[in-house]
Amino acid sequence: NAGVTQTPKFRILKIGQSMTLQCAQDMNHNYMYWYRQDPGMGLKLIYYSVGAGITDKGEVPNGYNVSRSTTEDFPLRLELAAPSQTSVYFCASSSRDRSRGNEQFFGPGTRLTVL
Amino acid sequence: AQSVTQLGSHVSVSEGALVLLRCNYSSSVPPYLFWYVQYPNQGLQLLLKYTSAATLVKGINGFEAEFKKSETSFHLTKPSAHMSDAAEYFCAVSLTGANSKLTFGKGITLSVRP
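Residue numbers (this note's numbering), protein chains in the order written: chain A, 234 to 348; chain B, 2 to 115.
Bound-form chain B, shown alone (with noise of 0.2 Å):
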């Protein structure tokens, strides 16, 4: 069985600040790992994805995340938070085999400040 750890629920950065969000992950095989991306009242956009190809995987609207797996994590970075930023972040991980589920993390809301 495969889990998601996101520690703490809620993150506050200052617009032009670097972001840094944390994903652990717990998977006994090589994992898909993934970001979503939910804005106020809408559903789930991927960000980016991990299918174990490079570990330093780029997204959608400057964001990118780095597959460690001696530290079993992704954290996603963005150099520089803007307020659009704003939103609830999931890390969600999957095992590789074909529909294999997504096991989704409780979440982390992150705010941006002007």
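Only chain A is shown next, with the shape it has when bound in the complex (with noise of 0.2 Å):
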């Protein structure tokens, strides 16, 4: 299994330009989170969502959207980048499976830079 795998691993954006922020898991897990990474700052949750078609915000969603069509693939967009949204982003799995106790399985991370 290659686990939990993201695209691109780097990028540079200019103000107000779009992209979207890949990701995908191969576990068949159910949940699946983004989460962005500032010096400091630990990880805060932008969205996640707990199966195919159902999506929900987390801390920070400001600027951000997603979607779920399959259970693979979790894909993460911003509209109109902002410095602001300078960040390594992180995308996570998890199983519904109790005895996992909520483990959370993640991706190698996207580095973000908005110029």
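I should point out that these hints are in silico values taken from the structure, not numbers from a laboratory.
Quantities reported herein were computed from a predicted structural model and do not represent experimental measurements.
Every residue gets a Cβ at the ideal spot worked out from N, C-alpha and C, and that includes glycine.
Errors might be hidden in some of the hints.
[Said to hold, decoys possible] Partial pick of chain A residues on the chain B-facing surface, computed with a CB cut under 10 Å:
#1 Tyr268
#2 Leu278
#3 Val293
#4 Pro294
#5 Gly296
#6 Tyr297
#7 Asn298
#8 Cys324
#9 Gly342
[As the list claims (entries may be wrong)] A partial selection of chain A residues facing chain B, derived with a Cβ cut-off under 8 Å:
#10 Leu276
#11 Thr319
#12 Phe323
#13 Gly334
#14 Glu336
#15 Gly340
Bring the two chains, given one by one in their own frames, into a single complex with the hints.
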């Protein structure tokens, strides 16, 4: 299993541009998450999904959109990039198997710079 | 709502010395607790987790943590630090319901001196 994969690894955007960060998992997990990581701030939840067709906002959703058309994929869309969105973005997934204790599996991250 | 406090942002130890990284949590119900490690330019990797079984939890790479309900703590320890332990460490808490989201602490950077 590849686990959780993310593309691209790095990206530089100009202010006002848009892009989609891709995330896929091959573990048949129902739950998927998007986080952003800023220095000294830990991870903040942007959006999450409990299954195909169901998404909900996390702690910092402004400026982002998501969709979940399949179990495997959970793309994150930035419509009008702003310097405040410069960050490292992580996608994660978890199983609904209660014995796993809500353990989340993380992708390698996408480092985004907005100039 | 739940929260995690990791005091301090940086810990430095000598190789072979004890590693102690502190984590205190706040939760309205018995929680699940996690420690994740992040090596430079990588994603987060699970070190260990507490899911209401044994209070002393052993993880990978010689790390362990003890759940102390009376102190609302879940401190991470390793008897002897190795250079390869240098990384950022995150404590996280979730409620025990299905799909309860993780709340992360701000992280602690561990440096290991030769």
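Here is what the structure says about each hint:
1. Tyr268: holds (8 Å)
2. Leu278: Since the shortest Cβ distance to chain B is 6 Å, the answer is holds.
3. Val293: Violated: closest Cβ of chain B sits about 13 Å from A/Val293, beyond 10 Å.
4. Pro294: Given a least distance of 13 Å, the restraint on A/Pro294 is violated.
5. Gly296: violated (20 Å)
6. Tyr297: Not OK, violated: A/Tyr297 not within 10 Å of chain B, min 16 Å.
7. Asn298: violated (19 Å)
8. Cys324: Because about 9 Å separates A/Cys324 from the closest Cβ in chain B, which is inside the 10 Å limit, the hint holds.
9. Gly342: Interface hint status for A/Gly342: holds (5 Å vs cutoff 10 Å).
10. Leu276: Nearest chain B Cβ about 4 Å off; hint holds.
11. Thr319: violated (16 Å)
12. Phe323: holds (6 Å)
13. Gly334: Holds, because the Cβ-Cβ distance from A/Gly334 to chain B comes to roughly 3 Å (cut-off 8 Å).
14. Glu336: At about 6 Å, which falls below the 8 Å cut-off, the nearest Cβ of chain B leaves the hint on A/Glu336 intact, so it holds.
15. Gly340: holds (6 Å)
Taken one by one, the earlier hints fail for this structure at numbers 3, 4, 5, 6, 7 and 11, listed in ascending order.
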